[in-house]
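Here the protein sequences line up with chains A and B, keeping their order.
Following my numbering, the numbering of the first sequence begins with 75 at its first residue and continues without gaps.
Following my numbering, the numbering of the second sequence begins with 75 at its first residue and continues without gaps.
Where hints are given, some of them may not hold.
Pairs involving identical chains hold if they fit within one copy or between any two copies, as the list cannot separate such chains.
[To be verified] Derived SDA-like pairs (lysine to any residue); straight-line CA-CA distance at most 25 Å:
#  : residue 1 : residue 2
1  : 303       : 127
2  : 304       : 183
3  : 304       : 248
4  : 304       : 178
5  : 142       : 351
6  : 142       : 119
7  : 142       : 353
8  : 142       : 350
9  : 142       : 352
10 : 142       : 349
11 : 303       : 228
12 : 303       : 289
13 : 142       : 205
14 : 303       : 99
15 : 303       : 340
By construction, these hints were calculated from the structure, which means they are not laboratory data.
The structure displayed is predicted, hence computed values, not measured ones.
If you want the building blocks of each chain, they are given just below.
Number of protein chains: 2
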Amino acid sequence: MNVVRLIVVVALLAAVPVMADEMPATMAAVLEASTEADWESVPQERLLYLFLDSGTVVFELAPQFAPKHVANVRTLAAEGYWDGLAVVRAQDNYVVQWGDPHADTAAARSYGSATDRIDGEFFRDPEGLDYRPIDSNDAYAETVGFVDGFPAGSDGERLWLAHCYGMLGAGRANAADSGSGAELYVVTGHAPRHLDRNATLFGRVLHGIELLSSLPRGGGPLGFYADEKKRVPLRRMRLGTDLDEDEQMQLRRLRTDTQTFARLVDVRRHRQEEWFIDPAGHIELCNVPLPVRTAR
Amino acid sequence: MNVVRLIVVVALLAAVPVMADEMPATMAAVLEASTEADWESVPQERLLYLFLDSGTVVFELAPQFAPKHVANVRTLAAEGYWDGLAVVRAQDNYVVQWGDPHADTAAARSYGSATDRIDGEFFRDPEGLDYRPIDSNDAYAETVGFVDGFPAGSDGERLWLAHCYGMLGAGRANAADSGSGAELYVVTGHAPRHLDRNATLFGRVLHGIELLSSLPRGGGPLGFYADEKKRVPLRRMRLGTDLDEDEQMQLRRLRTDTQTFARLVDVRRHRQEEWFIDPAGHIELCNVPLPVRTAR
């Protein structure tokens with residue numbers, strides 16, 4: 075009995091070459107059959123780098139959903155706002171959050187040229203965006219799908235980014251305009267979709283999420299580090315355009331407006347790998363993989 | 075600006091006393107208003123303890139769904155099968171898995187009186203179980219709800235445990251009867267519900283999941299530890315009834331067949347805490363909290 079293989083052995087199977095008369099039947103085969111045009115290089119001005127002692131986390135920003143937050147975050151990054159600050163919270167099955175541990179006190183760091191309050195950018199008009207709904211029975215939204223590589227939900231009139239694993243958001247207090255992007259969180263647990271339209275999402279992790287998701291949990295209420303010494307120091311956070319070339323990562327993500335992506339969703343809905351005995355025939359928004367490649 | 079509080083400040087709010095003419099409006103208030111009858115003490119014969127160097131993880135077993143797997147696991151635990159074995163896999167946003175790293179080799183540990191193959195217990199007849207569906211638009215099942223504190227799905231004829239965060243399952247190879255409970259996994263990411271009815275779930279974590287979910291990721295394919303030295307040693311795994319009293323934990327979980335639980339689902343569907351600006355009005359199965367209390 076090959077016990078070590080176990081669940082989802084399939085991802086390891088070599089992709090089979092695609093014949094003209096057959097469609098790729100697994101994710102590996104779909105990716106193998108993809109062409110250059112299926113992938114999008116993310117420009118450095120849309121990449122935000124978080125440098126930790128353990129490595130680097132890279133986020134893609136979503137100015138098309140949260141232009142004010144993205145602009146403010148760019149200013150904060152350029153001015154080194156986060157340098158030497160810390161991860162202050164790691165709540166199991168929920169979020170990891172970082173910013174200024176002294177934000178509420180007289181010792182709070184200055185926002186420099188940035189602002190400390192921005193109106194919530196919780197949703198937007200779908201006009202002008204290429205929203206591609208998928209066939210899925212969603213618990214929270216009338217339709218769900220993807221825009222420019224980001225998971226989204228809609229009620230027909232409004233379009234919003236969805237709190238899937240790896241999404242990047244701006245913390246806020248109770249007032250809708252009390253966030254600024256200075257205090258950030260990443261979803262590291264089962265999608266807390268009840269936060270959709272209640273918090274501003276403005277990006278997602280493309281690389282290195284395990285550096286955040288595997289942090290020791292905070293131990294205090296809401297996962298804040300009860301022991302200040304356990305907080306995880308941030309070396310710095312920078313936009314790609316402010317980095318030396320040797321620090322930049324060249325990341326390409328699968329486009330979500332292609333036939334290849336539609337096929338990917340389909341092969342994940344109807345799993346044909348040998349391991350599956352009773353394929354679901356269904357898929358949920360946050361279970362759709364969003365492949366990223368590191369270019370040479 | 076109270077930036078440190080941020081998301082879900084609410085869980086910290088003191089529960090308000092319930093007046094005869096008002097219903098508790100938050101989870102904290104619902105739990106505060108609960109009575110002894112709303113809670114169930116889990117007997118030691120249904121508790122499985124995993125002892126790690128970092129602490130103890132405690133699982134509640136579900137013999138009503140997977141009697142053969144639970145029986146086999148009880149035998150394996152009683153005979154010390156797992157003592158000195160290891161966590162072999164930590165795949166980000168998916169599962170943590172443990173068992174015999176040499177299971178496929180001549181050095182494999184003996185199963186003792188236990189068996190190494192059990193027919194999959196992927197679903198069962200709902201007859202005889204008190205399944206309580208909730209109102210939720212589910213991506214994967216016709217109805218979803220709870221049975222004896224466990225999340226479940228159904229198509230009307232079959233009932234199955236659902237792969238929510240914290241669920242405990244038996245790894246298997248491709249054959250439906252190739253699992254035994256000797257190789258175990260716990261869901262530590264967004265619910266992989268496409269595994270429902272494809273793998274045998276037979277319990278869930280009641281205590282200590284963060285010891286598994288925050289483990290360093292494996293780095294190898296499928297999250298297996300590429301470096302064998304990074305595997306996490308298991309001290310031992312035991313049934314509660316085989317432990318000395320000072321090692322046993324007294325755990326009570328909220329019953330899911332009560333008005334209190336129905337109210338809990340409702341206050342999580344319609345979040346009334348001040349932080350929420352646009353409450354979802356909806357809830358998804360795996361976002362329903364399943365509170366556990368450690369008794370004195």
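Checked hints:
1. Taking the closest pair of Cα atoms, residue 303 and residue 127 come within 25 Å of each other both inside a single copy (15 Å) and across two copies (22 Å).
2. Taking CA atoms no more than 25 Å apart as the test, residue 304 paired with residue 183 passes inside one copy only; the shortest distance there is 20 Å, against 39 Å between copies.
3. In the homo-oligomer, the alpha carbons of residue 304 and residue 248 never lie at most 25 Å apart, since the shortest distance is 27 Å inside one protomer and 43 Å across protomers.
4. Taking the shortest alpha-carbon separations for residue 304 and residue 178, only the intra-copy value of 19 Å comes in at or below 25 Å, while the best inter-copy value is 40 Å.
5. In this assembly of identical chains, residue 142 and residue 351 lie within 25 Å of each other by CA distance solely across copies; the values are 19 Å between and 48 Å within a copy.
6. For a Cα distance limit of 25 Å, the shortest separation of residue 142 from residue 119 inside one copy, 15 Å, qualifies, whereas the shortest one across copies, 56 Å, does not.
7. Taking the shortest alpha-carbon separations for residue 142 and residue 353, only the inter-copy value of 24 Å comes in at or below 25 Å, while the best intra-copy value is 43 Å.
8. For the homomeric pair residue 142 and residue 350, the shortest alpha-carbon distance between copies (21 Å) is at most 25 Å, but the shortest distance inside one copy (45 Å) is not.
9. Only between protomers do residue 142 and residue 352 lie at most 25 Å apart by alpha-carbon distance; the minimum there is 21 Å, versus 46 Å within a single protomer.
10. Taking the closest pair of Cα atoms, residue 142 and residue 349 come within 25 Å of each other only across two copies (21 Å); inside a single copy the shortest separation is 46 Å, beyond that limit.
11. In the homo-oligomer, the alpha carbons of residue 303 and residue 228 never lie at most 25 Å apart, since the shortest distance is 42 Å inside one protomer and 47 Å across protomers.
12. For a Cα distance limit of 25 Å, the shortest separation of residue 303 from residue 289 qualifies both inside one copy, at 14 Å, and across copies, at 20 Å.
13. Taking identical chains as interchangeable, the C-alpha atoms of residue 142 and residue 205 lie at most 25 Å apart only when both belong to the same chain, with a minimum of 21 Å there against 47 Å between chains.
14. For a Cα distance limit of 25 Å, the shortest separation of residue 303 from residue 99 qualifies neither inside one copy, at 49 Å, nor across copies, at 36 Å.
15. Within a single copy, residue 303 and residue 340 get their C-alpha atoms no closer than 47 Å, and across copies no closer than 39 Å, so neither meets the 25 Å cut-off.
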